[in-house]
Every structure is written in C-alpha cells, then in structure tokens.
Amino acid sequence: MNLTGFSKPPSFLIPAKSCSEIKYKSPQATSDSYTIDPDEERSHGPFTAFCDMTGKNGVGMTVISHDSEATMHVTGYEPRGNYVRNVHYIATGLTNVPQLASLTDVSTHCEQFIKYECRGSKLFNGNHGLWVSRTRAKMTYWGGATPADHKNGHPELLRLTHAQTQLMGVIAIKITKMSCARAAVF
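Each residue of the sequence shown is one higher than the last, beginning at 1 in this note's numbering.
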C-alpha cells in the first residue's frame, strides 16, 4: 500500500504519457506546463513539459526546450566533423535521454527544425555535415530526407527526427524546441 491509502494510485494521480493524452482526456485543457510520464512509471520517471494545446490542429504537442535555441555564429571549423554542438534538453525532472526516447516512442510524430544560414559551407557538399542520433549513430541526411536517401531536404529548414543529442559539422545554426504529438486515440 502506498501513501495515498490505495493499493494502486488512482488514475487522476498518475501523469499522462504525453500532452496529446492530456488533450484527448481533457479537451478543454489549455497550453501550459504539465507533468507527463511517457514510460508510465517504469524506470525513467515523470518530468514537466510545456503542452501546446492549440498548434498542429489542437492535438496536444509536447514541447521540450533546450540550451541551444539562440542563433549560433560559428567560424573556423573547416574539416569534416570539426565542430560539435551538444544539445541539452531542459524540463523539470528531465534527467536523461531515455526519458526523451520514451516520449518519442509514444508519439506518432516528433520534429525539430534547424535554420541554417551560411554561404560557401560544405554542409550540403557530400557528407561533410552530420548529426549523431540518440543511439550514437552518425546521420548524414537532412531536411526531411530519409536515412536511406543520404540527401538534403529544404536547405533553410532542416528537420531532425526524434531526440538527437548532438550536432556535428554544422556552421551557424538555430535549433528549435523538440515537439512531439500523437494523433491516434488512446
């Protein structure tokens, strides 16, 4: 028995898996910070995230901030993979990448955008620019392309999927917050 007096906590005491679940269960929910637990009280624990309840057709987007949202001006990093930018996600109670992995696992869509402003850079010339996935795999695709494509998508807005934790070889970037949602019924 736990401190609530119940053998199992009542459902209203258990955090939702995502902002999408909060919006589904409470359609009147407004955009604000909420405690979520994507892995449902297993090993990673809950954390607090901002829930955008109006964007993306009002499905309830879980928005995770990070420490690299300001535009970064980078010079002097010519060789491939010479510049490294670690991205540290920020949310109360968020302490590890597996928590973000749990969020992406319960989401049908996650996105993060990069605005790239540079002339004469080698980022789009072969495999000079790459990012490292949460599983530490080197990725050379950008802008909505698939890993099999090894191609670039839109050169101004580059999409990263899921919870990447590092960027390498990128010159002058602005990275937006990570946003995840689930459009399916719970």
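These aren't lab readings, by the way, just hints derived from the structure by calculation. Be aware that a few hints might be false.
As the list claims (entries may be wrong) - Restraint ranges, calculated between C-beta atoms of paired labels, are given here:
#: 1; residue 1: S43; residue 2: T71; range: 34 to 42 Å
#: 2; residue 1: T48; residue 2: N82; range: 17 to 25 Å
#: 3; residue 1: M139; residue 2: H109; range: 17 to 25 Å
#: 4; residue 1: E40; residue 2: T75; range: 30 to 38 Å
#: 5; residue 1: G76; residue 2: T30; range: 43 to 51 Å
#: 6; residue 1: H73; residue 2: I14; range: 43 to 51 Å
#: 7; residue 1: G45; residue 2: T75; range: 36 to 44 Å
#: 8; residue 1: T135; residue 2: T95; range: 13 to 21 Å
#: 9; residue 1: A137; residue 2: M72; range: 33 to 41 Å
#: 10; residue 1: R85; residue 2: S31; range: 23 to 31 Å
#: 11; residue 1: T35; residue 2: H88; range: 14 to 22 Å
#: 12; residue 1: E40; residue 2: V74; range: 38 to 46 Å
Glycine included, each C-beta is placed from N, C-alpha and C at the ideal position.
Status of the hints after comparison with the structure:
no. : hint                    : in the structure
1   : S43 x T71: 34 to 42 Å   : holds, 36 Å
2   : T48 x N82: 17 to 25 Å   : violated, 36 Å
3   : M139 x H109: 17 to 25 Å : holds, 18 Å
4   : E40 x T75: 30 to 38 Å   : violated, 46 Å
5   : G76 x T30: 43 to 51 Å   : holds, 46 Å
6   : H73 x I14: 43 to 51 Å   : holds, 45 Å
7   : G45 x T75: 36 to 44 Å   : holds, 40 Å
8   : T135 x T95: 13 to 21 Å  : holds, 18 Å
9   : A137 x M72: 33 to 41 Å  : violated, 23 Å
10  : R85 x S31: 23 to 31 Å   : holds, 29 Å
11  : T35 x H88: 14 to 22 Å   : holds, 20 Å
12  : E40 x V74: 38 to 46 Å   : holds, 40 Å
Violated hints, in rising order: 2, 4, 9; the structure is consistent with all others.
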